[in-house]
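There are 2 protein chains.
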Amino acid sequence: MELPERKKRILKAIVESYINTAEPVGSKTLVNSFDTPISSATIRNEMSELEELGYLEKPHVSAGRIPSYAAYRLYVNELMERHRVAGDELEAMRLMMQAKMREMDNIMVSASKVLGEMTQHTTVSMISHTGGRRVKKCELIDVDGGFTYAVVLVTDSEVKNKMLRLSQPVEPATAAVLSTAINLALSERRLEYLLPSVQQSMGGSSAVYQMTSDILDFIRATEAGGKPEVYIDGAARLLDNREYQDTQRARELLEYFSDRSRVSELLVGEDGPNLVNVRIGPELQDPSMRDASLVFTSYQIDQNTRGIVGIIAPARMDYADVYAKLIAFTQAISGVTGQGMKRLKDAGESDERRD
Amino acid sequence: MELPERKKRILKAIVESYINTAEPVGSKTLVNSFDTPISSATIRNEMSELEELGYLEKPHVSAGRIPSYAAYRLYVNELMERHRVAGDELEAMRLMMQAKMREMDNIMVSASKVLGEMTQHTTVSMISHTGGRRVKKCELIDVDGGFTYAVVLVTDSEVKNKMLRLSQPVEPATAAVLSTAINLALSERRLEYLLPSVQQSMGGSSAVYQMTSDILDFIRATEAGGKPEVYIDGAARLLDNREYQDTQRARELLEYFSDRSRVSELLVGEDGPNLVNVRIGPELQDPSMRDASLVFTSYQIDQNTRGIVGIIAPARMDYADVYAKLIAFTQAISGVTGQGMKRLKDAGESDERRD
DNA sequence: CTTAGCACTCGGGAATATGGAGTGCTAAAA
DNA sequence: TTTTAGCACTCCATATTCCCGAGTGCTAAG
Chain A
237 MELPERKKRI LKAIVESYIN TAEPVGSKTL VNSFDTPISS ATIRNEMSEL EELGYLEKPH
297 VSAGRIPSYA AYRLYVNELM ERHRVAGDEL EAMRLMMQAK MREMDNIMVS ASKVLGEMTQ
357 HTTVSMISHT GGRRVKKCEL IDVDGGFTYA VVLVTDSEVK NKMLRLSQPV EPATAAVLST
417 AINLALSERR LEYLLPSVQQ SMGGSSAVYQ MTSDILDFIR ATEAGGKPEV YIDGAARLLD
477 NREYQDTQRA RELLEYFSDR SRVSELLVGE DGPNLVNVRI GPELQDPSMR DASLVFTSYQ
537 IDQNTRGIVG IIAPARMDYA DVYAKLIAFT QAISGVTGQG MKRLKDAGES DERRD
Chain B
237 MELPERKKRI LKAIVESYIN TAEPVGSKTL VNSFDTPISS ATIRNEMSEL EELGYLEKPH
297 VSAGRIPSYA AYRLYVNELM ERHRVAGDEL EAMRLMMQAK MREMDNIMVS ASKVLGEMTQ
357 HTTVSMISHT GGRRVKKCEL IDVDGGFTYA VVLVTDSEVK NKMLRLSQPV EPATAAVLST
417 AINLALSERR LEYLLPSVQQ SMGGSSAVYQ MTSDILDFIR ATEAGGKPEV YIDGAARLLD
477 NREYQDTQRA RELLEYFSDR SRVSELLVGE DGPNLVNVRI GPELQDPSMR DASLVFTSYQ
537 IDQNTRGIVG IIAPARMDYA DVYAKLIAFT QAISGVTGQG MKRLKDAGES DERRD
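Which chain is which? The protein sequence lines are A and B, in order.
Each residue of the first sequence is one higher than the one before, starting from 237 at the first, in the working numbering.
Each residue of the second sequence is one higher than the one before, starting from 237 at the first, in the working numbering.
Take these hints with a grain of salt, some might be off.
Identical copies carry no separate label here, and so any pair may be met within one copy or between two of them.
[Said to hold, decoys possible] Restricting the straight-line Cα-Cα distance to at most 27 angstroms, the calculated cross-link-like pairs of lysine-lysine (DSSO-like) are: (1) LYS336 - LYS396; (2) LYS372 - LYS398; (3) LYS248 - LYS372; (4) LYS294 - LYS463; (5) LYS336 - LYS372; (6) LYS244 - LYS294; (7) LYS243 - LYS294; (8) LYS372 - LYS243; (9) LYS463 - LYS373; (10) LYS248 - LYS463; (11) LYS372 - LYS294; (12) LYS294 - LYS248; (13) LYS244 - LYS398; (14) LYS373 - LYS243; (15) LYS264 - LYS294.
Don't read these hints as lab results, they were simulated from the structure.
Using the sequences plus the hints, can you model the full thing?
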């Protein structure tokens, strides 16, 4: 059941006023918000109906109304005006991204910082590996003292490494042979035969066997995905928001942020590629985030890697602004990822997105 | 000029009371703190003198006294009782460290988390490379698409890596030759001849020349030190402290923490090896930290690498407790760094430390 | 030098007004 | 039927006042 036009207009005005002021909105303050003159009494009637419909709440009887989560949802879906950021601002973003990329060498961090700078909110970044990762190559480098360093190349542009500590040293020559064997096994994707064959040919040297086993574990762990990499920037900005003046709530959220794996769970389940996703308060299913919203989108890094970047702020956030800035962000970032974006560009990049 | 015994006892009692309660301490509450009976009037006289000496302050006339920074300094230097944590607690710490190390694979993070768990404060970790880093080995790994991945081994146990992006692909065979040449140059420490010699022998292939130059830059940058790695854990715990109930102050500190390089500056200038360093409020020279203290120490990771780990909390923190726990921490960590601590142990580890 | 006694200060919590923003309802107007 | 003016009512927020009590400094006696 569609909401009548005037109710929508009133609800929109309430949401926007509340976003700006964080104060409950009364009927009188809304009178001036419309071109067609309308009395406060009429607005009151409408507001009372909107409350029955579940879009408004009152903190107490004489305090005006505040939007419910359902209202934010409706606002995001239907009411808000989707504007674009001005061209020069977009250009500024692009330059900033370029600068940060040079400085940081980590796209996750750069993305968070740029977006945080633009929106003045807490931002979260994640790298997501789609289509399963495949280890393509494994190099063993021996270090003094019997340690071996294993470097593993995953699909295109990602590298993982790990220091393997052995109880006994392994000869460099042996390591070289082992390395060849591993890479052969990798290219043929027959890892399961590696361990028995090593045991056979190496004459049961326990150190080599152990090392091979460790390396295989590492490869398997890498292919399985491992922990998601999550980066959060500007957490302190939470405290700028009126809703987190209460230190207890702020603490709960900050505490929550320190558990990266839980945060990463918020970011799963995108609505679709190239969309801006909005998750409002209770929709996040997480008690710590009950009064906060998360707005995020993703961008391609290379064929198998996507970056996810988003904003965490109180449910009373300027969705229209954040929305526009996220779209601008993905446009800006496609200009600077350079080589990594090669394929995407060849395929014809698209700035257009819908929700 | 040494403080008379009784003044010391009173000051100690005041500091400890204030540490516990965060409330200004009055003369009457102190009466029961001494075995030799002493009247509140006498204490008042003493307190008033301690105030003149700069050890106490009054928030207002009828509110008791609070310790000044000088008082904390005196407390740490002379007054506080240095106890050790119980053996079983030490053992618990060791186990926890072991578990975290397995889970984390990053000693900095593990150290911070364990210490944070023990003290319930915000902790900071840093890795410090003493005696200059030396690149010992450099491996080149080619990746599809003409990129080359450079892995650089620094001194003993540290590894740096970087993806070098070339405009033109380099043949794997060529890369192998180059790799050998680089490692030879590294072992002879004659990097400066590498570039000309490559140009000569490789017949001026611009791709190879470019790559060599990039690699040399990378090696030099690595040896120069690069950015310090700083990790902060449990920042949210700041908000548990009464002094940071004021969101503005809390925000300032949290903001400050996000600039890792500034935080790292707090940790330079140790009093000496194997000492617990205490920096109180204004001593930190940083306006953001004006009412906080930093207590830190360092532990050996390998011959050229030291970890620094510390606690950031309000100046009104339990120095004796934190002090003991830091000492316990270094004892505990020496039990789990394992191979990396080999040399240290051979040299005979020492638990004893003075200040 | 210590201590009891006492006047004095002052913050902060409780109790108490009071203003005003906002609502819901009713009845008249459109 | 919808809109609007009017009005009684609610209740939060703020200011004001009051007063208790913890604490001090000073003085004078022990």
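Intra- versus inter-copy proximity for LYS243 and LYS373 (alpha-carbon distance at most 27 angstroms):
Neither. Shortest intra-copy (61 angstroms) and inter-copy (70 angstroms) distances fail the 27 angstroms Cα cut-off.
Checking an output row: LYS463 and LYS373, CA cutoff 27 angstroms. Within, between, both or neither?
The answer is within: 20 angstroms in one copy meets 27 angstroms, while 29 angstroms across copies does not.
Within a copy, between copies, both or neither: where do LYS372 and LYS243 come within 27 angstroms Cα-Cα?
Close neither inside one copy (58 angstroms) nor across copies (72 angstroms); limit 27 angstroms.
Given a CA cutoff of 27 angstroms, do LYS372 and LYS294 count as a within-copy pair, a between-copy pair, both, or neither?
neither (59 angstroms within a copy, 68 angstroms between copies)
Could you figure out if LYS243 and LYS294 sit no more than 27 angstroms apart (CA to CA) within one copy, between two copies, both or neither?
within (17 angstroms within a copy, 59 angstroms between copies)
Up to 27 angstroms CA-CA - LYS398 versus LYS372, copy category
both (16 angstroms within a copy, 17 angstroms between copies)
Is the C-alpha distance from LYS336 to LYS372 at most 27 angstroms within one copy, between copies, in both cases, or in neither?
So LYS336 and LYS372 fail the 27 angstroms test inside a copy (29 angstroms) and across (30 angstroms) alike.
Please work out whether the CA atoms of LYS248 and LYS372 approach to 27 angstroms or closer within one copy, between two copies, in both situations, or in neither?
neither (53 angstroms within a copy, 64 angstroms between copies)
Are the CA atoms of LYS248 and LYS463 at most 27 angstroms apart within a copy, between copies, both, or neither?
For LYS248 and LYS463, the Cα distance exceeds 27 angstroms both inside one copy (41 angstroms) and across copies (48 angstroms).
If the cutoff is 27 angstroms on CA atoms, where do LYS244 and LYS294 land: within, between, both or neither? Let me know, please.
within (18 angstroms within a copy, 58 angstroms between copies)
Check LYS294 against LYS248 for me: Cα-Cα at most 27 angstroms, and say if that holds within a copy, between copies, both or neither.
Within one copy only: 17 angstroms inside a chain, 53 angstroms across chains, cut-off 27 angstroms.
Can you give me the call for LYS244 and LYS398, within, between, both or neither, at a CA distance of at most 27 angstroms?
neither (57 angstroms within a copy, 54 angstroms between copies)
In summary, the numbered hints that this structure violates are 3, 4, 5, 8, 10, 11, 13, 14.
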